[in-house]
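Make the full structure from the sequences, and use the hints.
As given, the protein sequences belong to chains X and Z, one line each in that order. The UniProt record's numbering puts the first sequence at residues 1 to 337. The UniProt record's numbering puts the second sequence at residues 1 to 337.
Hints were generated in silico from the structure; no laboratory data involved. Just to be clear, a hint being listed does not mean it is correct.
Because identical chains share one entry, a pair is satisfied inside a single copy or across any pair of copies.
In silico SDA-like pairs for lysine to any residue, Cα to Cα no more than 25 angstroms straight-line [said to hold, decoys possible]:
hint : residue 1 : residue 2
1    : K41       : N103
2    : K4        : R115
3    : K4        : E36
4    : K304      : V195
Since we're looking at a predicted model, the values are computed, not measured.
Protein chains: 2
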Amino acid sequence: MTLKELAQKIGLSPTTVSRALNGYPEVNAETRARVEEAAAKYGYQPNNMARRLATGRAMAIGHVIPLTEHQMINPVFAEFMLGASEIYSEQGYDTILRTVDVNGEEDAYRELARRRAVDGVIVHAPRRDDPRIALLRELNMPFVMHGRPVEADEGSVWLDINNHRSFAEATRHLIGLGHSKIALINGLERISFAVRRRAGVEEALGEAGIDIRPDWIISQEMTETNGYAAAERLLSSGDRPTAILTSNIMTAIGAGRAARDAGLTLGQDLSLITHDDDLSFLSNAGDPPRFTAMRSSISEAGHKCAEMLLNLIAGESVSPVVWNSVFVQGRSTGPLE
Amino acid sequence: MTLKELAQKIGLSPTTVSRALNGYPEVNAETRARVEEAAAKYGYQPNNMARRLATGRAMAIGHVIPLTEHQMINPVFAEFMLGASEIYSEQGYDTILRTVDVNGEEDAYRELARRRAVDGVIVHAPRRDDPRIALLRELNMPFVMHGRPVEADEGSVWLDINNHRSFAEATRHLIGLGHSKIALINGLERISFAVRRRAGVEEALGEAGIDIRPDWIISQEMTETNGYAAAERLLSSGDRPTAILTSNIMTAIGAGRAARDAGLTLGQDLSLITHDDDLSFLSNAGDPPRFTAMRSSISEAGHKCAEMLLNLIAGESVSPVVWNSVFVQGRSTGPLE
DNA sequence: GAATCGCCCCAAAGCGCTTTGAGGTGACGG
DNA sequence: CCGTCACCTCAAAGCGCTTTGGGGCGATTC
Numbered sequence: 001m002t003l004k005e006l007a008q009k010i011g012l013s014p015t016t017v018s019r020a021l022n023g024y025p026e027v028n029a030e031t032r033a034r035v036e037e038a039a040a041k042y043g044y045q046p047n048n049m050a051r052r053l054a055t056g057r058a059m060a061i062g063h064v065i066p067l068t069e070h071q072m073i074n075p076v077f078a079e080f081m082l083g084a085s086e087i088y089s090e091q092g093y094d095t096i097l098r099t100v101d102v103n104g105e106e107d108a109y110r111e112l113a114r115r116r117a118v119d120g121v122i123v124h125a126p127r128r129d130d131p132r133i134a135l136l137r138e139l140n141m142p143f144v145m146h147g148r149p150v151e152a153d154e155g156s157v158w159l160d161i162n163n164h165r166s167f168a169e170a171t172r173h174l175i176g177l178g179h180s181k182i183a184l185i186n187g188l189e190r191i192s193f194a195v196r197r198r199a200g201v202e203e204a205l206g207e208a209g210i211d212i213r214p215d216w217i218i219s220q221e222m223t224e225t226n227g228y229a230a231a232e233r234l235l236s237s238g239d240r241p242t243a244i245l246t247s248n249i250m251t252a253i254g255a256g257r258a259a260r261d262a263g264l265t266l267g268q269d270l271s272l273i274t275h276d277d278d279l280s281f282l283s284n285a286g287d288p289p290r291f292t293a294m295r296s297s298i299s300e301a302g303h304k305c306a307e308m309l310l311n312l313i314a315g316e317s318v319s320p321v322v323w324n325s326v327f328v329q330g331r332s333t334g335p336l337e
Numbered sequence: 001m002t003l004k005e006l007a008q009k010i011g012l013s014p015t016t017v018s019r020a021l022n023g024y025p026e027v028n029a030e031t032r033a034r035v036e037e038a039a040a041k042y043g044y045q046p047n048n049m050a051r052r053l054a055t056g057r058a059m060a061i062g063h064v065i066p067l068t069e070h071q072m073i074n075p076v077f078a079e080f081m082l083g084a085s086e087i088y089s090e091q092g093y094d095t096i097l098r099t100v101d102v103n104g105e106e107d108a109y110r111e112l113a114r115r116r117a118v119d120g121v122i123v124h125a126p127r128r129d130d131p132r133i134a135l136l137r138e139l140n141m142p143f144v145m146h147g148r149p150v151e152a153d154e155g156s157v158w159l160d161i162n163n164h165r166s167f168a169e170a171t172r173h174l175i176g177l178g179h180s181k182i183a184l185i186n187g188l189e190r191i192s193f194a195v196r197r198r199a200g201v202e203e204a205l206g207e208a209g210i211d212i213r214p215d216w217i218i219s220q221e222m223t224e225t226n227g228y229a230a231a232e233r234l235l236s237s238g239d240r241p242t243a244i245l246t247s248n249i250m251t252a253i254g255a256g257r258a259a260r261d262a263g264l265t266l267g268q269d270l271s272l273i274t275h276d277d278d279l280s281f282l283s284n285a286g287d288p289p290r291f292t293a294m295r296s297s298i299s300e301a302g303h304k305c306a307e308m309l310l311n312l313i314a315g316e317s318v319s320p321v322v323w324n325s326v327f328v329q330g331r332s333t334g335p336l337e
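Structure (structure tokens):
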């Protein structure tokens, strides 16, 4: 069923039908109602390809997902994207997805732009001197970043959580419990959020006059295994930390396992606070939850970024947004004995 | 840079340029080379929307991802999809993604079909009496299933691992180690693979003349928390199982945690074999790995299904494929003491 | 040297929609 | 009763590509 056929059925021109369906003011209410009714009756659905060609809008948003050095797929990206795609769908946009090797990002963006395959993109986890920012500006491609750029940057649009403050407060919380031997198992410090988290921890330690021990600040990909290995190392020393901050729940689970293997009980012999990305399939559950955490929802971030991007594409002006993660008291922290 | 402009630059007609670029035989090698060179030089990239409209092919594959009852995003879907999208990209197809509520699946497929937004779809995790199969046939939409239909079904195309055999052999392995008190923490039994896994376990137990204890067969969504809870229940009884089979690595991690909390050491006081979906970000690492496992790669499954679907779309005949998962000896199993 | 045949290449007609610019109709004022 | 003005509606021209149906031209055959 094409627009032309539908128009014929109801004895109108394609033009009028198109206008009626797209809400243009030039068509009177009665006609519009008639058209809409007929469209519903015949199950007419515009052919997207034709519409896209005619309007020049792709009606699609791109997500370019880089695999890490270890061909790893970051589950945070996946959850974010699935969250965002709900919003796109509502507004009639498709979500298009491209996975690329570490070095293929630039090509992927260029190709999407040249082919006009998408109207905008989401940039995940901005890095130090992120080349994607300049590239997308050059390509004149609207984008929203999930995470804030490391370097000050005028005019870019992003959603970030308050990583600095969040980790500073978590550290202060630990200090308030009497801890002074505090380690951080961080993400890769190429990435914006990890830089800020570290700074937050260091700020709080500094305030309290606690010396920073570089070997207690670990930067690595955030996996269960890495979390285990890092915590194992930290805990095997005679002079071990009494509290650990971890950057995501998988690392926390790994660190928790290492603690048990070392014969330590979380919340008693060792305190642990994690940032909790609140992945739907890996929840920090329990009442109180297993881990004391700074929590923020990834799928909500996906929703919000999607909205911001669509607004940006619509030509509205959009400002960066900072969310605060929520502190959740769990069972993994306790006063220093 | 459009096709027409490019044609003008090199003094040929758009027709010839199009044919040269698309590998049609009617154009001689020299001309083709000239065209390709010019295309590269001017950075010409065909406008996909126009091409799609002209050919009637969407050059896109759809993945409809249902959220579970708990709004949970299955990480296996995500990994599969990201794997599949690599193949699509190679062949110039886009990956389009749609998340839907449990009840929105049918609508989503119908809409994709009507709008001609995709050339085919992947169906994840076929269920009992899966309505999607009939629907997609009615819509005349090519599809490949990841997982095999529960009911015998002529002509459908799928990739599955040999769940029945795999779980039967794992069970026999445990029996060979002297275990007879064996529990299964399974996935939801609406879903094909869980049905088959259970059958495999029951077959092996039956062979060995071991009574099946219904309360030792647990069916639930496969999360860490659920795995913990299930194992905790199993282990808290005076008459506890000495071996547990789990259906995925998150469940296994949860069960492992419950074992520790119960004061049991995996591989000694309790044996555990898990099916390992080999998610890139949640690997069963170590040498030997932490868990004894039946392993199969989800991203490879994604690759393979993508290839099968593209072949199907190309009109080739494609047969179902069964893969065997690989048995990996890890540290979580040992002889019954 | 004319007829035949292949090889290359081209003009033009879509694909199904949006959108510009113009026309048709009835209501209204003079 | 005619001219004017809204208000609706329409015809037609794209959007950038593919593809059908020829046609030009040099080489081959008799």
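Evaluated hints:
no., hint, verdict
1, K41 <-> N103, "between (50 angstroms within a copy, 22 angstroms between copies)"
2, K4 <-> R115, "between (28 angstroms within a copy, 15 angstroms between copies)"
3, K4 <-> E36, "within (14 angstroms within a copy, 38 angstroms between copies)"
4, K304 <-> V195, "within (23 angstroms within a copy, 39 angstroms between copies)"
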